[in-house]
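Chemist: Once you know that position 127 of the sequence shown is 181 in our numbering, the rest is easy, because the numbers rise by one and skip nothing.
Hints are computed from structural coordinates only; laboratory data are not their basis.
Keep in mind that a hint or two might mislead.
[Unchecked claim] Calculated pairs, BS3-like style, for lysine-lysine (alpha carbon to alpha carbon, straight line, at most 30 Å):
no.: 1; residue 1: Lys-63; residue 2: Lys-108
no.: 2; residue 1: Lys-70; residue 2: Lys-137
no.: 3; residue 1: Lys-107; residue 2: Lys-79
no.: 4; residue 1: Lys-108; residue 2: Lys-70
no.: 5; residue 1: Lys-99; residue 2: Lys-70
no.: 6; residue 1: Lys-99; residue 2: Lys-63
no.: 7; residue 1: Lys-137; residue 2: Lys-79
no.: 8; residue 1: Lys-108; residue 2: Lys-79
no.: 9; residue 1: Lys-70; residue 2: Lys-107
no.: 10; residue 1: Lys-99; residue 2: Lys-79
no.: 11; residue 1: Lys-63; residue 2: Lys-137
no.: 12; residue 1: Lys-107; residue 2: Lys-137
no.: 13; residue 1: Lys-137; residue 2: Lys-108
no.: 14; residue 1: Lys-63; residue 2: Lys-107
no.: 15; residue 1: Lys-137; residue 2: Lys-99
[Unchecked claim] So the derived label-pair ranges between C-beta atoms look like this:
no.: 16; residue 1: Lys-79; residue 2: Ser-130; range: 19 to 29 Å
no.: 17; residue 1: Gln-155; residue 2: Ala-77; range: 16 to 26 Å
no.: 18; residue 1: Cys-157; residue 2: Lys-70; range: 18 to 28 Å
Note that the Cβ used here is the ideal one computed from N, Cα and C, for glycine as well.
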Amino acid sequence: MAPLFVQRKISLTRNKFRSFFEAYKFHDDCTIRDEEYDAVYVWEKFLVDIETKKFPAITFETVLHFMTGMDSEPPSGFIPPLKVNFFAPSNEEEQCYPYAQVCDNAIYLPRGRRDCQPLLVEAVQFE
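Construct all of the structure, not just a fragment, from the sequences and the given hints.
Modeler: Rendered as structure tokens:
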């Protein structure tokens, strides 16, 4: 007889990981929205790079833990769903580390910074 209430841990794929998220919500102002598109491009490229194992130390479980404090999906799913939010860097020269808020299941990416992927990698690796 199989045990009840036991969740088997499975490796996450990019598609499964993305299924935890609600749709992106972009700003109404087209200039700000374009900067948010840049941030989403960096995020999506980061997910592809994880899938192709460009960063051996980072897995989807690692990113999930960075964002939620959990390394697997809870049996009842994520409430609230995971989301990507954006913030405005205070100036062009500032290193803007992406950050997460575990209580909101959210990651915050800097707007308009196509050069922030190394900072994203560093933030997730050394949380």
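Chemist: Does each hint hold? Answer for all of them.
Modeler: These are the hints, each one checked on the structure:
With a C-alpha separation of about 23 Å, the suggested pair Lys-63 and Lys-108 falls inside the 30 Å cut-off, and the hint holds. About 14 Å separates the Cα atoms of Lys-70 and Lys-137, which keeps this hinted pair within 30 Å; it holds. For the given pair, Lys-107 sits about 28 Å from Lys-79 by alpha-carbon distance, which is consistent with the 30 Å threshold. A distance of roughly 19 Å separates the Cα atoms of Lys-108 and Lys-70; the hinted pair therefore holds under the 30 Å criterion.
Of the supplied pair hints, the one linking Lys-99 and Lys-70 holds, its CA atoms being roughly 16 Å apart against a limit of 30 Å. The straight-line distance between the Cα atoms of Lys-99 and Lys-63 is roughly 26 Å, inside the 30 Å bound, and the hint therefore holds. Between Lys-137 and Lys-79, the direct Cα distance comes to roughly 9 Å. Compliance with the 30 Å bound is thereby established for this hinted pair. Taking the CA atoms of Lys-108 and Lys-79, the gap is near 28 Å; set against the 30 Å cutoff, the hint holds.
About 16 Å separates the Cα atoms of Lys-70 and Lys-107, which keeps this hinted pair within 30 Å; it holds. Straight-line distance between C-alpha atoms of Lys-99 and Lys-79 comes to about 19 Å, which keeps the hinted pair within the 30 Å bound. The hinted pair formed by Lys-63 and Lys-137 meets the criterion: a straight-line CA distance of about 22 Å does not exceed 30 Å. The suggested pairing of Lys-107 with Lys-137 holds, with an alpha-carbon distance near 23 Å, which does not exceed 30 Å.
Taking the CA atoms of Lys-137 and Lys-108, the gap is about 24 Å. The hint holds against a cut of 30 Å. For the hint pairing Lys-63 with Lys-107, the CA-to-CA distance comes to about 20 Å; that is within 30 Å, so the pair holds. In summary, the hint linking Lys-137 to Lys-99 is supported, as the alpha carbons are separated by about 16 Å, within the 30 Å threshold. The hinted range of 19 to 29 Å is satisfied by Lys-79 and Ser-130, whose Cβ atoms lie roughly 24 Å apart.
With their beta carbons about 19 Å apart, Gln-155 and Ala-77 fall inside the hinted range of 16 to 26 Å. Judged by the Cβ atoms, the range 18 to 28 Å given for Cys-157 and Lys-70 holds: they are separated by roughly 23 Å.
Going through the hint list in order, the structure satisfies each hint without exception.
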